[in-house]
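Enquirer: One letter stands for each residue in the lines below.
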Amino acid sequence: MKIDKNTINKIARLSRIKLDDKESEDYINDLNSILDWVEQLNEVNTENVEPLSNISSSILPKREDVSNDSNSIEEILENAPDKLEGFFAVPKVVE
Amino acid sequence: MNNLIKGEKHDWEMVIGLEIHAQVKSNSKLFSSSSTKFGSSPNSQVSLVDAAMPGMLPVINKYCVEQAVKTGVGLNAKINNYSVFDRKNYFYADLPQGYQISQYKYPIVGEGKVTIDFKDGTSKDIRIVRLHLEQDAGKSLHDQNPSKTYVDLNRSGVALMEIVSEPDIRTPDEAGMYISKIRSILMYLDTCDGNMQEGSLRADVNISVRKPGDEYGTRCEIKNLNSIKFIKQAINYEAKRQIEILESGGSIEQNTMLFNTSTGKTRPMRNKEEAHDYRYFPDPDLLPLEISKEEIGKIKSSIPELPDELKNKFIETFKLSNYDASVLTAEKQTSDYFNETINSDPELKNHAKIVVNWITSELFSLLNKNNQDLNNSPVSPEKLGQLIKLISTNEISGKIAKDVLEDMFSSGKTARQIVDEKGLQQVTDQDEIAKVIDEVIAENPKMVEQYLAGKDKLLGFFVGQAMKLTKGKANPKMLNDILKQKLNKKN
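Protein chains in written order, with my numbering: chain P, -8 to 86; chain Y, 5 to 495.
Just chain Y, same shape as in the assembly:
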């Protein structure tokens, strides 16, 4: 595969690493009992600890620790029995403590890896350096008042997992696939809700360029990207910028950049003259975090099936293609829906491919059209299963089933109810179909002549006419067979 980008003078290779910040799914914050609910009125979920009132002490949330360990296991990573919380010191209006409690030298999770799969069937491992637990900061709003910045501390102290990758990524697409894969794993584990719009998952991108085979170049860090689209755009823009500088004889200055989502450009943050000096040191308010082998074992045994395992299981059990299986397992809600549908009737296991198609094309397009989500689909897995059963037993045709599904979607009725009420059962009575065909033939003598003279395409016309008369209910195969038989007899 050629991952190089053409420059004026020669080809260049991108070297990319991601720092993903994933908000831990929990009821309360990392070191206080305030709620983590999104979208509440400003400063309504702030305790005296979160506001850093003097004398307040942090007490760690046990569940957040378990969530981090769970995530570490899902990333095939080493879980550290001993980790330490440090203070990362800096001044900012939305950081009341004047430091962020984070982990520096001794993170809770060490080296791991995730695998990304390409369309052509190949795959690649992206190595994880570490995962550590830290506090989120508050939120600054700059556009609410012409002369003031507003600060909301609701997010202050919410638990984050920072997942750091090695610089193993080489293209914007790989970066997108990597973050999608991490998101998928987090959502299967239920350790993060994966909602990028609400900022539950965001990434800092480190990027440099080099001539293939050279040492790594000087990198720049693009801060706080909250969509896969923006990540790709920012990487493309930044790589081009760096190549232009290097090719015109300049050198890259290590910088922290911001990405402007409306212009698609990166620019350096302003206060760069003050190189960061975070003065990390162990937080004297918190003892080291120790987790026993037994506790880790207990968490490991509670881990659900992850997307890769599930994909392989689907391929093996239901003889699905790699593509179908990866579409089904990319999102947990999709694989859950598939599982529930196929388990709703023992017969359906023999029609797995049909089940996949009805979920990923018919149902998905209806949901899209109505701006709805699979989670609150008006058609339950069980009801979809009943519809597919009617198709697989030849009771209705696939074409009619599409109309039935639309009806189910809007009316909430079952497929059986709709088919009975509207009399949509397939006509499988030989004599009845033959009668209709006789009618069609009798009414169109000229067409019959032309057909017999060799205009084979007209077969479709006769099928169409007969279908119209049966309101689309004739079994298509029987209709075809009888029609051919009858026409050929005329010869």
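Here chain P stands alone, though its shape is the one from the complex:
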């Protein structure tokens, strides 16, 4: 797989990141060298090997269904650039 100009533009748009031409060029090179490096794994024969999802063989920890209301509304809103009447206030989104 090769990253080209179109792919990098799409990734940037999906990530809401604006790239100028110079940056696009740099990212194309960087990402391609990462992909090339990972490509090396294809040299290993993985036929009949189960995909590994977990190296610690631990199991998914679960919680009991207990609610504790911290009511940390002030903390939650503390970093918000804009807040009004207990809500996060964001630019008008239609739909």
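Simulated from the structure, these hints should not be mistaken for laboratory data. The reader is advised that the hints may include incorrect statements.
Quick list of in silico lysine-lysine cross-link-like pairs, DSSO-like style, CA-CA up to 30 Å [to be verified]:
{"#": "1", "chain 1": "Y", "residue 1": "K302", "chain 2": "P", "residue 2": "K53"}
{"#": "2", "chain 1": "Y", "residue 1": "K233", "chain 2": "Y", "residue 2": "K13"}
{"#": "3", "chain 1": "P", "residue 1": "K83", "chain 2": "Y", "residue 2": "K143"}
{"#": "4", "chain 1": "Y", "residue 1": "K353", "chain 2": "Y", "residue 2": "K29"}
{"#": "5", "chain 1": "Y", "residue 1": "K304", "chain 2": "P", "residue 2": "K1"}
{"#": "6", "chain 1": "Y", "residue 1": "K41", "chain 2": "P", "residue 2": "K74"}
{"#": "7", "chain 1": "P", "residue 1": "K1", "chain 2": "Y", "residue 2": "K475"}
{"#": "8", "chain 1": "Y", "residue 1": "K302", "chain 2": "Y", "residue 2": "K29"}
{"#": "9", "chain 1": "P", "residue 1": "K83", "chain 2": "Y", "residue 2": "K304"}
Sample of chain Y residues lacking proximity to chain P, with all beta carbon distances greater than 10 Å (derived) [claimed, not checked]:
{"#": "10", "residue": "G11"}
{"#": "11", "residue": "N31"}
{"#": "12", "residue": "N85"}
{"#": "13", "residue": "E115"}
{"#": "14", "residue": "E166"}
{"#": "15", "residue": "E202"}
{"#": "16", "residue": "D281"}
{"#": "17", "residue": "Y284"}
{"#": "18", "residue": "F285"}
{"#": "19", "residue": "L293"}
{"#": "20", "residue": "S306"}
{"#": "21", "residue": "K317"}
{"#": "22", "residue": "K403"}
Small disclaimer: the values here were computed from a predicted structure and weren't measured. Every residue gets a Cβ at the ideal spot worked out from N, C-alpha and C, and that includes glycine.
Following the hints, complete the assembly by docking chain Y onto the known chain P.
Expert: The following block gives chain Y in isolation, referenced to the frame of chain P:
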């Protein structure tokens, strides 16, 4: 059955599939301990996990997993021992993580089916593709401020079950029956509260049209419908729209639509130029979810009777009609009420049909009139049972019982108290009834003549007069018999 709709040129068939989002009934959220309570003040039930603060890690709610498995069993579906949580990536102001934790390739529940019953006694299976667990997003309010959108994260992270059907539905009515059936099953299982107004149950509708026998057409998806009425309206409108386009030589563009509840019309969502690319991948914060056969077995054994089983049991045990039994079992609170009433006195089992009628017509209409729900009915099942017992033992007439029920409803007294206080016992004393009839006959000589001359309809007049004198308490059958006897003797 003809499910086709007439077009200008030929008939068309709708092909419909539903994605139902059902909020899991639980105390806390899917991956955090925040409360799921509805209607609290904004952002008061938001933990650092729900607000997606850096470094926060999700820990799954065991009970939500059990609820999903329970629902899968209720949908006659395959439960998967192994499932995986994935990240579904998209940007929106009410999604602080920038992705929704959902299940993609490996859902917790696989193929199943539910049956819908038609009025004419036939039924149809709707196949289920899958059920998966996912997080709900926060809520955006667009109408509170002229230049801002407000975001409330209370709902962010609440557990949802998405139930996806095959495109087996062919009419708006079938769609309505399907979602009602799912709702009924969820409420019997107690895995979702089924409250569509509060958004605990909502649906996305996929719809296309085709000439009967053709391949499926291109479909459109109508998002986020929260009432059965709107689902039917939206389907009707959208099918008509698609048929008009196709018949005038156009083609359908696959689109995501919004339904405007005040105009009854659908329209495409605006930001369609950006085709969705969710870039699903397994969430590295969560290990795969594994459920053992033993755990599934344990959950299966805890499943209560479901509406279909209960309906068949009612038909068999109480010799009820299919219609009566389906009315009783459509809502869990109704079948619970019926069960409690009929079990409150051994005698009532022989009068099941009367019990059904008193619940589904008399009590329901009183509740409706007073804007109340069966759950908080002022007349308890036991008290209704006592009233019905008075009818079945001929102590009061059915007509008087209606007044007694109304009195019970407003005063909270028992039927026995009211009957005793007001002296409403039926008069079953032959001599007493005969005495009243003699009076009526003596007072209306002309009517008697006319009756004897062949005007049979006047019998009702005499019954009415005699009833009036006994304040409606005379046993109607005895009154009729004695009256006829006496009048005929005059002949």
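Enquirer: Okay, which hints does this one fail, numbers in order?
Expert: Hints 4, 5, 7, 9, 11, 16 and 19 not satisfied by this model.
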